[in-house]
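Enquirer: If you want the building blocks of each chain, they are given just below.
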Amino acid sequence: MSPVTTGIVGIALLLLLFLLRMPIAFAMSLVGLVGFAYLADPGAALSLLAHDIFEQFSSYPLSVIPMFILMGSFAFASGISRRLFDTTYTWVGQIRGGLTIATVIACAGFAAICGSTAATAATMGKIALPEMKKRGYDDKLATGTIAAAGTLGILIPPSTVLIVYGILTEESIGKLFIAGVLPGLLLSLSYVATVVLICMRNPRLGPPGERTGWGMKLRATGGIIEAFILFLLTIGGLFLGWFSPTQAGAIGAGGALLIGLGRRQLSWKKFFEAAKDGLRTACMVIFIITGAVIFGHFMAVSTIPFALADWIGQLPLPPMAVMGVIILIFFMGGFFMDSMALIVVTIPIFFPIVMKLGFDPIWFGVIVVLVAEMGVITPPVGVNVFVIKGIAPDIPLHSIFRGILPFLAALLIITGMLMAFPQIATFLPSLISY
Amino acid sequence: MAFLPKFDKFNRLISGWFEWVGLAGLLMMMLITCVDVIGAKLFRTPILGAIDIVMLSQVVAISFAAASALILGRHVCAEFFMVMLPKRVQAVIDGIICLLGLALFILIVWRLCTYGYSFQTGGEESATARIPLYPFAYGVALAGIPVCLVFLYQFFKAIERMVKK
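As given, the protein sequences belong to chains A and B, one line each in that order. Whatever position you read off the first sequence (first residue = 1), add 230 for my numbering. Whatever position you read off the second sequence (first residue = 1), add 39 for my numbering.
Don't take every hint at face value.
Here are the computed distance ranges between Cβ atoms for each label pair [claimed, not checked]:
{"no.": "1", "chain 1": "A", "residue 1": "A270", "chain 2": "B", "residue 2": "V74", "range": "40 to 48 Å"}
{"no.": "2", "chain 1": "B", "residue 1": "A142", "chain 2": "A", "residue 2": "L661", "range": "45 to 53 Å"}
{"no.": "3", "chain 1": "A", "residue 1": "M446", "chain 2": "B", "residue 2": "I184", "range": "57 to 65 Å"}
{"no.": "4", "chain 1": "A", "residue 1": "G445", "chain 2": "B", "residue 2": "I170", "range": "55 to 63 Å"}
Derived DSSO-like pairs (lysine-lysine); straight-line CA-CA distance at most 27 Å [stated by the list, open to error]:
{"no.": "5", "chain 1": "A", "residue 1": "K499", "chain 2": "B", "residue 2": "K126"}
{"no.": "6", "chain 1": "B", "residue 1": "K126", "chain 2": "B", "residue 2": "K203"}
{"no.": "7", "chain 1": "A", "residue 1": "K447", "chain 2": "A", "residue 2": "K356"}
{"no.": "8", "chain 1": "B", "residue 1": "K45", "chain 2": "B", "residue 2": "K126"}
{"no.": "9", "chain 1": "A", "residue 1": "K447", "chain 2": "A", "residue 2": "K364"}
{"no.": "10", "chain 1": "B", "residue 1": "K126", "chain 2": "A", "residue 2": "K619"}
{"no.": "11", "chain 1": "A", "residue 1": "K363", "chain 2": "A", "residue 2": "K447"}
{"no.": "12", "chain 1": "A", "residue 1": "K500", "chain 2": "B", "residue 2": "K48"}
Everything labelled a hint here was simulated from the structure, so no lab data went into it. The structure displayed is predicted, hence computed values, not measured ones. Glycine is no exception: its CB is placed at the ideal position from the N, C-alpha and C atoms.
Using the sequences and the hints, build the whole thing.
Expert: If you want it as structure tokens, here you go:
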């Protein structure tokens with residue numbers, strides 16, 4: 231078999247193992263190992279296996295991942311999310327759909343200290359869903375809002391998906407983080423607008439809460455100062471060049487821990503539970519990246535990414551049409567694969583094409599995150615939907631998916647805007663030099 | 040298969056201990072980085088070899104958490120296709136997948152032992168703090184053993200599901 235044919239067989243085998251429920255990290259490692267052994271040399275493949283595992287596990291650039299994940303876990307255990315929600319509800323709770331609007335804003339705020347969609351959705355779901363039920367909010371609106379707003383976790387910095395994208399493509403994590411700010415704010419606004427429009431059409435879906443005075447609003451604002459300081463310290467410190475990404479994550483994790491201790495929210499039990507949860511997530515992510523590196527060696531010797539880049543580069547299609555096809559592939563892939571796994575598998579294949587077509591790699595990173603966001607709220611593998619289902623087992627899955635549809639439309643509109651006006655993502659990164 | 044509950048209990052116990060080791064590695068990463076940053080920025084005295092310590096702590100953290108993450112189903116996999124198949128077919132496929140996973144991790148343990156030995160004989164050390172690397176390579180190999188045991192347990196469990204009436 232020629233290297234390219236072997237590569238195609240390898241990709242088919244990988245997809246088969248995905249379908250057969252093999253953990254994605256192990257499937258990539260296994261196919262990568264066997265494929266490299268077939269195309270190169272079995273002895274070299276076995277040596278490379280141990281080398282890749284040790285190199286990735288001991289990679290300093292990868293240490294940013296456990297640190298930011300730990301920061302999110304400690305922020306959750308420290309009750310920051312609860313106070314964010316209380317504050318935003320005090321400010322906007324009295325308008326129609328106020329609870330859902332408060333949830334979107336609180337999710338955006340929590341996303342600024344946590345880089346995971348599932349963690350953001352789970353955190354806010356546990357707090358906001360019981361309140362919404364108590365106040366007679368429509369199930370579809372309530373669950374759809376939380377699942378969709380949870381996706382802000384991977385767009386507004388810090389973002390685990392942007393970190394992994396940055397590591398895979400060797401782009402600046404600082405630039406990627408700052409590139410996510412404007413699209414993240416725009417997406418938050420579009421979600422708020424979606425809720426307002428839904429509640430204008432049918433006010434019964436989101437009844438308003440009690441009025442709150444200015445004194446109460448200002449007092450409640452005190453509850454989010456710590457989250458704001460934590461964000462300023464970590465992400466601000468990263469942008470200003472005070473910290474490396476790993477240092478920013480570690481300072482953030484330490485800061486979230488101190489907030490929990492200062493607020494007397496962290497018992498030993500909660501501390502260890504949060505730390506163990508962060509450890510397991512970090513372990514999963516780094517295993518996936520290691521699997522992708524092993525698989526990447528196989529892809530490199532198969533020459534598929536280069537052949538594909540050459541072939542697409544010669545197609546008589548405008549670059550934006552090719553980009554549209556790539557986005558469609560990501561979108562379809564998101565139906566069946568976890569967003570992190572999808573990015574790790576596809577970026578090494580598509581990134582050379584994107585570069586060859588002359589697109590901005592930072593802009594493409596943000597586009598990839600937006601499409602990954604669609605993946606976490608669409609069936610059958612919408613992670614956020616299952617998170618919400620776990621919190622509200624009495625609400626049928628199809629209701630949650632139907633509730634998500636208006637937010638998916640908003641997400642598509644923002645993606646379209648970003649394709650038409652790439653400056654939304656590239657303007658802020660152009661202001662920093664590293 | 041009467042031994043299966045005991046085997047599962049044993050795996051959970053071992054993986055739980057290993058996870059505590061991994062947790063120590065993770066907290067060490069955070070602590071060393073914070074102390075290094077504060078020391079460097081405020082007192083102009085960074086920790087010598089902080090990056091080396093963080094890197095090697097990460098090796099411990101990630102490898103020793105692998106078995107526990109596997110038991111708790113934290114390694115991402117696609118579920119949508121398998122749930123559509125009959126239970127017995129699912130059990131057969133699960134058994135094959137577990138064997139493939141077991142084979143992969145046996146290779147990983149073996150090759151990391153060899154890799155560790157090459158570090159030991161070559162006297163490989165970290166760049167700044169001059170910490171010997173071979174104990175960490177052996178550590179990753181050791182942490183792979185409970186993963187093999189978990190795959191073996193899941194293989195037996197799949198066989199049990201296959202033969203169950």
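Enquirer: None of the hints should be skipped; say for each whether it holds.
Expert: Evaluation of the provided hints:
1. A/A270 to B/V74: 40 to 48 Å: At roughly 44 Å between Cβ atoms, B/V74 and A/A270 fall inside 40 to 48 Å, so the hint holds.
2. B/A142 to A/L661: 45 to 53 Å: 51 Å, holds
3. A/M446 to B/I184: 57 to 65 Å: Because 58 Å falls inside the window, the suggested range holds.
4. A/G445 to B/I170: 55 to 63 Å: 57 Å, holds
5. A/K499 to B/K126: 38 Å, violated
6. B/K126 to B/K203: 10 Å, holds
7. A/K447 to A/K356: Distance ~23 Å between A/K447 and A/K356 Cα, so the pair holds.
8. B/K45 to B/K126: Distance of about 24 Å is within 27 Å: holds.
9. A/K447 to A/K364: 22 Å, holds
10. B/K126 to A/K619: 24 Å, holds
11. A/K363 to A/K447: Cα-Cα ~23 Å, so holds.
12. A/K500 to B/K48: 24 Å, holds
Taken one by one, the earlier hints fail for this structure only at number 5.
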